[in-house]
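K.L.:
Residue numbers (my numbering), protein chains in the order written: chain H, 1 to 450; chain G, 1001 to 1187.
Hints may contain errors.
Said to hold, decoys possible - Here are some of the chain H residues that sit facing chain G, going by a computed Cβ distance under 8 Å:
1. Trp-64
2. Ala-156
3. Leu-164
4. Ala-168
5. Gly-377
Everything labelled a hint here was simulated from the structure, so no lab data went into it. All C-beta atoms in this analysis are idealised placements derived from N, C-alpha and C, irrespective of residue type, glycine included.
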Amino acid sequence: VIRLLRIELRHNTLLLLLPVVALLWLSSPIARHLQPMALWPDRSADIQSALQALCPFTAGVAAWTAYRERRRGATDLLTTTPRNAGQRALTALAATTIWAVVGYLAGAAVMLVVTAYQATWGHPVPWPLLIGLLAVITAAAVGFAAGRLVPSRFTAPLTAIGVLGLLALAAETGFHHSMYGRLGPLYPAVNLTLSVFYPVRTGLAVVQAMMLGGVLATALALTLLHTGNRRTGLTAVVVGALLAGTSVVLVGTAHEDAQRAVVVPALDHVDVQRPLPYTPVCGTSALPVCVHPAYAATLSVVDKSVNALVRPLLGTPGAPVRASEAPMETILDVTMRGVPPELAIPPIFVQGETLGPDAVARTYQTVMALALVDRPGTHPRHATDAQRAVALYLLHQAGVRADSFLLPASPAVRAAADRLAAMSGADRHAWLTAHIAEVRAGALTVRELP
Amino acid sequence: VTALYLRSRRVGWIALLVVVAAALRRFLVPWSADPGPFTTTVSLTAVAATAAVIATGLASPCAEVERSAATLLPRLRGAQLLGTSALAAAGFTVAAASGGLSVGEYLRNLAGFIGIALLTGLVLGAHRSWTLPLGYVMLCAGEVDLGQYPLWAFPVLPAGNAAATGTAVALLAVGAVTVSVTGLPDR
């Protein structure tokens, strides 16, 4: 068997495709964000998401390997050999799986080493890594079963592309709040957005592992049944159905907590999590900006961006006295909170000297500018024209272009922003002091702006 | 001869799979309406699967014998490509039109992906012609995730982008002409 496995390993197509997968991974958004700072929970989930590149190719190659006897017209010839057909099939499957696992572990090792040098918070979270590994093994088994059951020239391409489509579809529905979609291994097994503020919940990861285990057992069962191993195959079918069924039932009972993390009641008894203690790191600019210590390296960039925007409002009624990072699900939740008001901003991953790529930085700053001049809790798209005009002025004086989706500027809005910009500093400050409260309340129209 | 050729290329299966892919795309419209990396992936996998099926369908069951004995192959291959591509175009036109999607965008992407699959098949063999389209879907989705829309990722550009349409048509033309003349290696 060892000799057979060595031959299979030497001739496996996946070995040739691993560099392609590595290139895909290197060109992915995850790899482009490998520096300079990192959080362990996020990087652990990044390793899990590497399965997106590896699983489809693994499934395709496994399917391709599974029907090669038929493709080469060697089925009858091999039937007459003394080697057990099931053992022969499983050895071919093992070779594909071994290369897939080697590829996954190599990628994971690189990520772990890089992260060990960059991480500013937390510790490696093993669950996402395990889910990724299990998904890769499952993809090999599913592809192989498909190739055995439907030995056709179209099986490998359709299996590979189908696996990718299925992974993406499950993740997409998962991100749209479908609990069943979150069973897909591409959906992050741990809640990332708030991982620096709250402990990581692992219930979803356990359920994902059960689902993958169920699919893996069923795929192996189909291969075994096809090669004549009826008893083992039927046992594996039962195990697979039980695991997959249990995971579906468990995720059906799950709900989101206040931080939008998935709580599976049977696996997680803590309904309301206590925040993790931390001491914020604050800047010394006119408007102090405070960040979570995990993001301390980003303070200067965030501080500069926020202060550039808020400068004309300093000293006016209702202006924020501080900007602080707070747990929030999306950038759209940026708002003013409390008395005296504070600007609540999300933890921002800063790579380099800007808030991110141009489009991302524009979005962040547009949302912050709108939050400074609208009623707390207002969705950025629901700002009034007067609020948009003042926000547009804030962005322009900071040298930033507005995100046209979040801040659609009509000619009247642009004209009002230009009028504000044309005023002298003292006149503008006086006008803002007198009227900014009315702007925030939505009581002024764009024509009433100076 | 034509009937034997069509049977050897499983043209009936190709037609069925192409129609199923277009129907699946129509069925998945509600889950791929919002712009994003995953919806882009879902949207492009149907097109990539169709292109891969069309290219893989060109594999010959007896390549060497056929090449040494047959004279009509370039014409037959060209006709097969034209027929299956036309069927795919019709399927995706119906799927896009009935699902409220951009017909032009789908036809452009279909043309580009068929071209890529054919050119991949030329290098790696008909049976592996799916590999580059698969990787290309992931690359395009990655660009959407980054909010970048370079010309090389033509499937994520708007339907009216002339450069993207030109790229897709050029890929199809080069792939179709080359493959019709030379065929795909049986690897």
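K.L.:
Which numbered hints does this structure break?
P.N.:
5
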